[in-house]
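Asker: I would like the entire structure built from these sequences, with the hints used as guidance.
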Amino acid sequence: MRKRMQCKSNNHGKGGATMKNIIINTGNYSAAKAAVMAKPDVVAAYPITPQTTLVESIANYIASGEYKGEYICVESEHSAMSACIGASATGVRTFTATSSHGLLHMHEMLHWAALARLPVIMCNINRVIGPGWNIWADENDSISQRDTGWIQFYCSSNQEIFDTVIQAFKLGEHKDVALPVMINYNAFILSHTSMPAEIPSQKEIDDYLGKYQPLWRIDPENPVTFGNIIMPADYEKVRRAMQYAHENAKRLIPEIAQDWKKKFGRFNGNLIEKYRCEDAEVILLAMGAIAAESKVSIDNLRKEGYKIGLARVRTFRPFPAEEIVKLAKKTELIVIDRNISCGYEGALFTEVKSALYNKSDAKVSGFIAGLGGKDVTYNHIEDMCKKAIKGKLKETVWYGFEEVKK
Amino acid sequence: MSKKYNVVTSISYPKEGAMGKTGSWRVFKPIFSKDKCVKCLRCWIFCPEGAVKKNKDGSVSIDMDYCKGCGICANVCNVKAIIMEREEQQ
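So the sequence lines, in the order shown, correspond to chains G and Y.
In terms of our numbering, the first sequence is residues 146 to 551.
In terms of our numbering, the second sequence is residues -5 to 84.
Treat the hints with care, as some may be off.
[Stated by the list, open to error] Calculated lysine-lysine pairs in the PhoX-like style (CA-CA distance at most 20 Å, straight line):
#: 1; chain 1: G; residue 1: LYS320; chain 2: Y; residue 2: LYS(-2)
#: 2; chain 1: G; residue 1: LYS320; chain 2: G; residue 2: LYS419
#: 3; chain 1: Y; residue 1: LYS47; chain 2: Y; residue 2: LYS9
#: 4; chain 1: Y; residue 1: LYS50; chain 2: Y; residue 2: LYS15
#: 5; chain 1: Y; residue 1: LYS62; chain 2: G; residue 2: LYS382
#: 6; chain 1: Y; residue 1: LYS28; chain 2: Y; residue 2: LYS50
#: 7; chain 1: Y; residue 1: LYS47; chain 2: Y; residue 2: LYS62
#: 8; chain 1: Y; residue 1: LYS(-3); chain 2: G; residue 2: LYS320
#: 9; chain 1: G; residue 1: LYS508; chain 2: G; residue 2: LYS471
Treat the hints as calculated values from the structure; they're not laboratory data.
Values in this document were obtained by computation on a predicted structure and should not be read as measured data.
Answerer: See below:
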């Protein structure tokens, strides 16, 4: 862990704000701080481990008077998302957070928020689906919500969580996107681990975000019917428009992050974060905490003479297919998934191979690792990389079920 | 007419008689007595079809092109200014 924090992933302290306010706190606290600084008019949430401290923090900000939004205590996650949708439909900014079974309980309303083009912003702390009951890190919860139309980010540090939550409001509320955004990060490894994060001033955030201008809203002065029956040809237009919005998001995510960098000096923003990829012959692809840990493995493997780099996939939807094709021009790829689509393989592995279809014949190896919160250390990742480089892996390998090299 | 929004999702805008004139299959019709009406607007609020119109002077009139003859207006009227009568055979 300590080693990971020393990675040179961000350009801390270059330009931007004159007075730096750096906090050392957990991922959940960074997310809560970002959420209240975006000043959502409505937060509706139901507590679930490991998200609980996030929504408790927001409740504390209300109790202390620092945050003046409406906090709706609901009886379930389905209601939390419904309340956010209802609030968002009146044209105000909304935020919620959940995890695991809570996210699954929202499932129907996740589709609703996206099809209604309402930019509800939500943190999801990636946690195992039961049974067996388990509260640790696993990405199967959000992966299973892939097709809901939500934009999905996967973060790797508390600073990135803070920056991405604020940027998510900017992105989701953009008129060319108008989609809900899910910011995912691993249970405990990020949600409950303290790391430094630089927090801009409230005025800077206010200036950056501006006022939310909804594309449509419920308005007694302008009565319309929403969610009414529409004929097949029109429904297809709604889906197509969502697809275009995702394509716009692909363009806007780096643009918004560039704008953020100009103001705050840090860049957390591309669809893929590349680490030592310049002359790489092998590129490792992973998401979330495993990807952060991988930077240490890449450094170690480089020392041993392997020409290897890391491509950390930040956005699972929209999927950065074009960038992956570019990466695979001269390299072979290794994919580590902290999820499994049972009956096939890891979700990222599938998506990467699908992106390459007809465009590259690069060798791709896939590993399943760290399900149920099983620890994936930089040693394990190095071992996986070596196995993939040496071997001719024909199918997904479940790491740790063979003999683990120490 | 409502302002149109520039977004592709399922929104419909109110329009008079989009499905044509729908009052033709009435069995009962409301008979409105202006003398008894106290302009309380309960009929205007309760009419499920928007067929009770509010006039500028606060009085009401019934749009028979869209009235289905359900009788809710007569039922909620506290001063019996609306009564229901069977439609004659046409």
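Asker: Check each numbered hint from earlier against the structure, then list the numbers of those it violates in ascending order.
Answerer: 2, 4, 5
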